[in-house]
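Going down the list, the sequences are from chains A and B. Numbering-wise, the first sequence is residues 1 to 226 according to this note's numbering. Numbering-wise, the second sequence is residues 1 to 218 according to this note's numbering.
Hints in this document: simulated from the structure, not taken from any laboratory. Watch out, some of these pointers could steer you wrong.
Here are some of the chain A residues that sit facing chain B, going by a computed Cβ distance under 8 Å [what the hints assert, rightly or not]:
(1) A23
(2) P44
(3) T46
(4) F48
(5) P49
(6) L143
(7) Y223
Taking CB as the label site, the calculated pair distances span [as the list claims (entries may be wrong)]:
(8) A:F69 x B:L198: 53 to 59 Å
(9) B:T210 x A:G78: 48 to 54 Å
(10) B:G61 x A:A67: 46 to 52 Å
(11) B:P154 x A:E54: 30 to 36 Å
(12) A:I115 x B:S91: 52 to 58 Å
(13) A:A67 x B:L21: 25 to 31 Å
(14) B:E28 x A:E163: 52 to 58 Å
Glycine included, each C-beta is placed from N, C-alpha and C at the ideal position.
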Amino acid sequence: MRKDDRQPDQLREIKMKLDVVTAANGSAEVRFGNTVALAAAYGPRTLFPRHLQESEACRLRCRYNMAPFSVDERKSPGPDRRSVEISKVIRLSLEPTIFLEDFPRAGIDGFIEIIQADGSTRVTGINALSLALASAGIPMKDLVTACSVGKIDDTLVVDLNGEEDNNSQADMAFAMLTSKNLVTLLQMDGILTKDELMELLNTAKSSCEKIYEMQKSVLKEKYSGE
Amino acid sequence: MKTKEIVLPGDFIDEREGRKLDTGVYLEGNKVFSKVLGISRVDENEISVIALSGAYIPKVGDKVIGVISEVEISGWSVDINSPYTAFLPFSEAVEEFVDMSRTDLSRYFDIGNIIYCRVSKVTKNKVVQVSMDDMSAKKLYGGITLKVTPTKVPRMIGRGGSMISLIKTKTNCEIIPGQNGVVWIRGEDKTKAIETILTVEKESHTVGLTEKIEGMLA
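Next up, chain B with everything else stripped away, as it sits in the complex (with noise of 0.2 Å):
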């Protein structure tokens, strides 16, 4: 098997010579460092490390998938499969005028409902507020979620989404990658799908693996 470079923390990655930092790295005079294990990418413009592993930390404008974990006075506590649990205000969640003192909101998403929904706010203390208002969020009736590391949904999603549509077409499911690392399915071939996700998560920093892909669902 062929695999991608692998960095180690505090492994030197190149000068940085104006370049953009993006994650997974840290800077020591001119000199830029992997702050994790992971795949590092240096082009001209920028200088990252995409991690290998990891807990997700919400970035405003993420879609993620998560589960009402509490219904409270003015929105729901929602896991988003990360240290830090978001919160869903009431205004972010319904369009219509509801008298708030009469309602019990567990009417629109009760504990163990699952929605897609956006990442809207961010502090610096990492308090989290999740909206909504957006195309695609939704809430998710019936199929399974799966957890896979956060950091892989991009490969697994693949360029132009080209891995996604590929497993969904060939085993004919509704797939749903949440940039949190939570993917939820529904449909007929489910296994399918999930041995496909999971073998794509395993070996997301091989060369060649779309091929791979492509022969498993044959």
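Next comes chain A alone, as it looks inside the complex (with noise of 0.2 Å):
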């Protein structure tokens, strides 16, 4: 049992709401127990500056910032190292489900804003983005799914929260293409032997599933009327 009375394939509660940004051709927000995410997606739209235009793709943006009070002690401001890497790596994780040869020299930003932060940040956020990409009528594949695992006291575990992120052994951020059945993201941090990798990324691909079920319901909800 873990220190919030959770199993080890256990994920926190989980909230998704639509449209919380009214300025943006469409939004989400994601939580995952404390982890708050919100998400805006914006195009495809003219994409400036004009040398950034691609004349046969469209071009994806994505920023992933953490507000300066999401966290326990004040975060400074404005991208940082971290955070400009998490933009990047969001945005290869996205990349593979749009068809963005349907808008040569447009662009699409997605913008992540993480309100609270409780450790799986950008798993969160992916799953936040996917539902306001999806949700703005953008063309894909398929959404993209999104969750940690980890190991902690030699154990495995889904879904890691703040502290459990601080003292695993090792963590790792996975999201998919779950109908499809393709990774689109695995970064990992510590030491896990081959099976307790391949177990990961097993119990990876059943949680994504279960995320993917509640993306599904909510986007349908949207349009299943009152």
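Reassemble the complex: the two chains are provided individually, in unrelated frames, and hints are given to aid placement.
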């Protein structure tokens, strides 16, 4: 049993909400326990500055940002080394699903704001942005679903919270196109044996399937009528 | 509220079986999947998904409402509510002979003017040209414009124009729907027309919408 009374393979309570930013073409808020991510998707729209335009495809730009008040100790605002890297891996995890060739010269912007951070922020952000993109009507192969897995006290666990993340022997961020069975993000920190890695991948896949169902139902609810 | 069946990106729709694939779907092997969040349409000839949101992507032949955004040397730049700006060349807009070196093109169309035009050319890289060389193309004076989701414009027009003519007659308004999602309205009961159009947009995926709109306007 873990500190927050969860089983090793149990996700935290997940909440998803659409249309939280009215100015955006699509937006979503996703909560994994105490981690709250807000995502807004804009586009396809004319891309500026012009030199970034590609004549054959659309460009996806992602920004991951943590609010100064999202963590215990104030985080200095603005991009830093960590958030620039996370923005990049989020973009790389979403690019394979979007039909970028449908909109030459245009741009799609995705913004992720972490309002409250308690571990697994990048995967929460990916889940939120994937919902926001689908809600904005952007053509995609599949929704991208993400979750984190890791190893604490020699136990393999899923969906690490902040404290677990800090005291883990290994942690891994994982994103996939669930219905296609394609992995789009795999990052790991720490030490795992090959068997542990394979087991964690399987756990991550089955957790992603659960999250995928939630994403689907929240998108369908949007149009199912009150 | 009863709704039509909604599909999500990645949802399997049907086997292709030699049918034509229209918008909003993609093929993997012989299986057809949805690209967007929308309503699927499957019949013996065609498979398509009508998106419930998204930007307007110009297609040759579309009748659109645009706003002149720039006056250039040999034509005008037109904002057509899309990621791509359209160009209206002088020769496609004015029929009479004009000495271009002495004429300021803003005499014909100036920045902010609203036009109803036809998309005449779209290249592979989405360079768009529009034309006024069409029976219904014209400059629109007065009135107001309203933006709706482009994919819902056909529902707003209705089968054979039934929905739009219902709104027109009941509100006593002139309404021109552009396929790019811009609707131009001028006339007596504009507020009611806008309200009705926005209801159609919001509930375009529901069953029995025409009856509801009839009730609303009665």
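Self-check item: Numbers of the earlier hints that this structure fails to satisfy, in rising order
Solution: 1, 4, 5, 8, 13, 14
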